[in-house]
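Student: Which chain is which? The protein sequence lines are X and G, in order.
Each residue of the first sequence is one higher than the last, beginning at 8 in this note's numbering.
Each residue of the second sequence is one higher than the last, beginning at 9 in this note's numbering.
Since the hints were derived computationally from the structure, they do not count as laboratory data.
Here the structure is a predicted model, which is why all the values come from computation and not from measurement.
Please note that the accuracy of each hint is not assured.
With beta-carbon atoms standing in for the labels, derived distance ranges [claimed, not checked]: (1) X:G65 / G:S18: 22 to 28 Å; (2) X:Q24 / G:Q17: 31 to 37 Å; (3) G:K66 / X:A9: 46 to 52 Å; (4) G:Q17 / X:T27: 33 to 39 Å; (5) X:R80 / G:S18: 34 to 40 Å; (6) G:P123 / X:S86: 43 to 49 Å.
Beta carbons: idealized from backbone N, C-alpha and C, even for Gly.
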Amino acid sequence: KAGVTQTPRYLIKTRGQQVTLSCSPISGHRSVSWYQQTPGQGLQFLFEYFSETQRNKGNFPGRFSGRQFSNSRSEMNVSTLELGDSALYLCASSFLTSGGNTGELFFGEGSRLTVL
Amino acid sequence: QQQVKQSPQSLIVQKGGISIINCAYENTAFDYFPWYQQFPGKGPALLIAIRPDVSEKKEGRFTISFNKSAKQFSLHIMDSQPGDSATYFCAASRKVGGATNKLIFGTGTLLAVQP
Chain X
8 KAGVTQTPRY
18 LIKTRGQQVT
28 LSCSPISGHR
38 SVSWYQQTPG
48 QGLQFLFEYF
58 SETQRNKGNF
68 PGRFSGRQFS
78 NSRSEMNVST
88 LELGDSALYL
98 CASSFLTSGG
108 NTGELFFGEG
118 SRLTVL
Chain G
9 QQQVKQSPQS
19 LIVQKGGISI
29 INCAYENTAF
39 DYFPWYQQFP
49 GKGPALLIAI
59 RPDVSEKKEG
69 RFTISFNKSA
79 KQFSLHIMDS
89 QPGDSATYFC
99 AASRKVGGAT
109 NKLIFGTGTL
119 LAVQP
């Protein structure tokens, strides 16, 4: 069974640009979450999608947005990039149902974004 | 109140020894406490998890001890091996009007097991 696939794995952008990151969840997983990982702030929750609906959003500015498609694939977008947006962006999928408890998150290997 | 505090920041253990990592939380609404293991260049992977209705859960060499009254939980790695060298994250979550996968992570512990 294929794991969570994130593309691109590495990318370099300059301040002011925008970036789109993609995530393909494990087949059958309908929940996709995004996390930002930095040495200073650790792992921080960005947002969570289930059946194309955003269920939760973390404390990030509106420059960070995401969406989920009918096939459960997800994208996140960061506009007007700042130096501080340099991080590893991790996508995670799970079997979470509409009424279920928190379940195991399966993480991808991440997209490492460098903002110059 | 949303924080999960993790200690120590780093840990060096001899092969065969016991590794202990501690976490503390404030929010009594948390109802799921997983531990994730992360190797360099990889995403975190679930190691073991516990819910507050039990005080201990063991899976192989890994044990979670949970103290609800103290709002603390810890990971014990018995017979630590060099292959256990990784960063370990504790986390917590709670249902918010339904299901959620929003995890609040601790700051991580870099474990080095010396041969």
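Student: For this structure, which hints from the list above don't hold up?
Tutor: Per hint list: single violation, 3.
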